[in-house]
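**Q** Order-wise, the sequence lines are chains U and P.
Reminder that position 172 of the first sequence reads as 172 in this note's numbering, one-by-one numbering, no gaps.
Throughout, this note's numbering is defined as the position within the second sequence, counted from one, plus 1000.
Hints are supplied without guarantee of correctness; some may be wrong.
[What the hints assert, rightly or not] Computed footprint of chain P on chain U; a stretch qualifies when at least three of its residues, placed anywhere within it, have a C-beta under 8 Å from a C-beta of chain P:
| id | stretch |
| --- | --- |
| 1 | 81–87 |
| 2 | 95–108 |
| 3 | 113–121 |
[Said to hold, decoys possible] Subject to a maximum C-alpha distance of 30 Å in a straight line, what follows is the list of computed BS3-like cross-link-like pairs (lysine-lysine):
| id | chain 1 | residue 1 | chain 2 | residue 2 |
| --- | --- | --- | --- | --- |
| 4 | P | Lys1303 | P | Lys1236 |
| 5 | U | Lys71 | P | Lys1174 |
| 6 | U | Lys208 | U | Lys133 |
| 7 | U | Lys11 | U | Lys71 |
| 8 | U | Lys156 | P | Lys1115 |
| 9 | P | Lys1115 | P | Lys1236 |
| 10 | U | Lys223 | U | Lys177 |
| 11 | U | Lys177 | U | Lys156 |
| 12 | U | Lys156 | P | Lys1236 |
| 13 | P | Lys1115 | U | Lys116 |
| 14 | U | Lys208 | U | Lys223 |
| 15 | P | Lys1200 | U | Lys71 |
| 16 | P | Lys1115 | U | Lys97 |
| 17 | P | Lys1200 | U | Lys156 |
| 18 | P | Lys1236 | U | Lys136 |
| 19 | P | Lys1174 | P | Lys1303 |
| 20 | P | Lys1200 | U | Lys133 |
| 21 | P | Lys1174 | U | Lys177 |
| 22 | P | Lys1174 | U | Lys116 |
| 23 | P | Lys1200 | U | Lys116 |
None of these hints come from the bench; they were simulated from the model.
The beta-carbon is built from N, C-alpha and C at its ideal position, and this holds for glycine as well.
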Amino acid sequence: MMSQPAEAILKVDNLSIAFGGLQVLMNVDFSVYSNEIVSLIGPNGAGKTTVFNIISGLYRPTSGSILFHSKNLTGMHPHRISNIGITRTFQNIRLFKDLTVLDNVIIAKHFAFCYKLLGSLFYTPAYVEEEAKAEKDALELLAVFGLAERAHDISKNLPYGEQRKLEIVRALASGVKILLLDEPAAGMNNAETSALLKLIHHIRDTFKITVLLIEHDMKLVMKISDRIIVLHHGEVIADGTPSQIRNNPHVVEAYLGNPT
Amino acid sequence: MWTYLKRQQAYLILGVFLVVLSFIHTHISPYLRQLLILSGINIILANGLNLISGITGQLSLGHAGFMAIGAYASAYLSVFVTGPESFAFLLNILAGGCLAGFFGFILGLPTLRLKGDYLAIVTLGFSEMIRVILLNMDSVGGARGLPQIPHNTDLIWTAGAVGLSLIFIYRMMKSYIGRAFLAIRENELAAQSCGINITKYKVISFTSGAFLAGIAGALFAHQLSYINPSIFGFIKSFEILIMIVLGGLGSLSGATLAAIILTFLPEALRPLQQITQIDFRMIIYSSLLIVMMLTRPSGLLGKRELWDFKIFGAFRRS
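Chain U on its own, in the form it takes in the complex (with noise of 0.2 Å):
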């Protein structure tokens, strides 16, 4: 591995689990720095969405932890990870369907409100200030990513490629720190991809923020990341820059086989 210089932001430490009989993840153990863009790769199965899973807090590992700014996150209720600052995408697309899009983003903001029912029943000033600044944020935010026009929109009746940009958008308006991208290119063609690349370099610039994403499209991946990690039958077997893994031998047995 690399030296790096500052702390890990996020440490995934020895993590295993095993569904049944079934042992998805073995003692797997990396690290990401802050500001970083690191991606996970692996053939399909290795468990990459798994590790997302157990950082989101959805499963528990059957053994290891998971470290955001060396305190504990295992097992750790989902939207207390999501406050704590770790909010992820998922793979096929979860936004709040029938909401309009400026919902989507206002309902992200759920941590920034501090007034009580009673507020909202009595139309309160802290009700109407909170409540103005979430939608003054929430715009901006939509205008940031050349949304703001479909801010009324229904957001099912979206685009493919806006519907996955509003759910990055939604995660940042939860106040992400690390933003984790389950196949952020999937179904995407060449140019909506070379878009998303300028898309998430800026977004890590803008909000300061660290980007683990998982993806298959090995052309984003190798322009894209900092730092890649090879996940293979649930073992961590690389982890370096894009030129360490391109020549890596394991990488490329795993991926094409042993050729003798």
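Once you have looked at the hints, place chain P on chain U.
**A** Below, chain P alone, put in the same frame as chain U:
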């Protein structure tokens, strides 16, 4: 946001409404008055269930159980503890609502982790359990029922309760709490990843819905003056469910509209029964529902509200 002028208008409408209400209260036939009161009670029931099933997306088949708790608790207090004074009546309604809400909380905490069919079965079982317990409770009359409940519920009380319940739900929907309910209905996983504690908000929704059912039950008991456990069977739960399905799951005005229609429809069909000497009412009632589900499967209004439609656009607030 409300401008000063609009607020004035709202007060004006409210004032006119109260005057009209007190006028019709004394000038209409007791039959019509009772129908209006019943539709008011049904509006509260339908909107309470709509909060749970339409807005938060948790299928509950036990609404009549919460209604029974509210009805029996308030009736017991009125008959054996306080007597028929208006102030005592108000407290008894609230007591009935709170007890039903409390049971909703107790039931919701463990069971709202269940999804779909399982939750429906648990709530159905719960309401049957309440009915059977009441059937065997001699202190509230058992199968004989509880007679001589003071006849306190009138049009004004009902209108007040309907107004407050609707405002309560409407305002709740305009807050982050209401948005959390919607998020849970739309996608639980995504709601969690947006930082929403889904169990907490499901319980809040369930408790509020049960509270409203308790209020409606209390009004109902003080309207009929006599209640017995068989009124609150699962047929009652289904009646309420039909109202919100007909009105459009998740639509406040849809549930309200459907509650009124379904209260008046059986009565409007009554002449037909007298002419033909056959009870066609249930046949027409159910065929209407079938036609409805075939032509507009998402209900009268779908997930929209009355003021979302173009014809009513004039009333829309900017």
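**Q** Any of the earlier hints contradicted here, and which numbers?
**A** 5, 12 and 18
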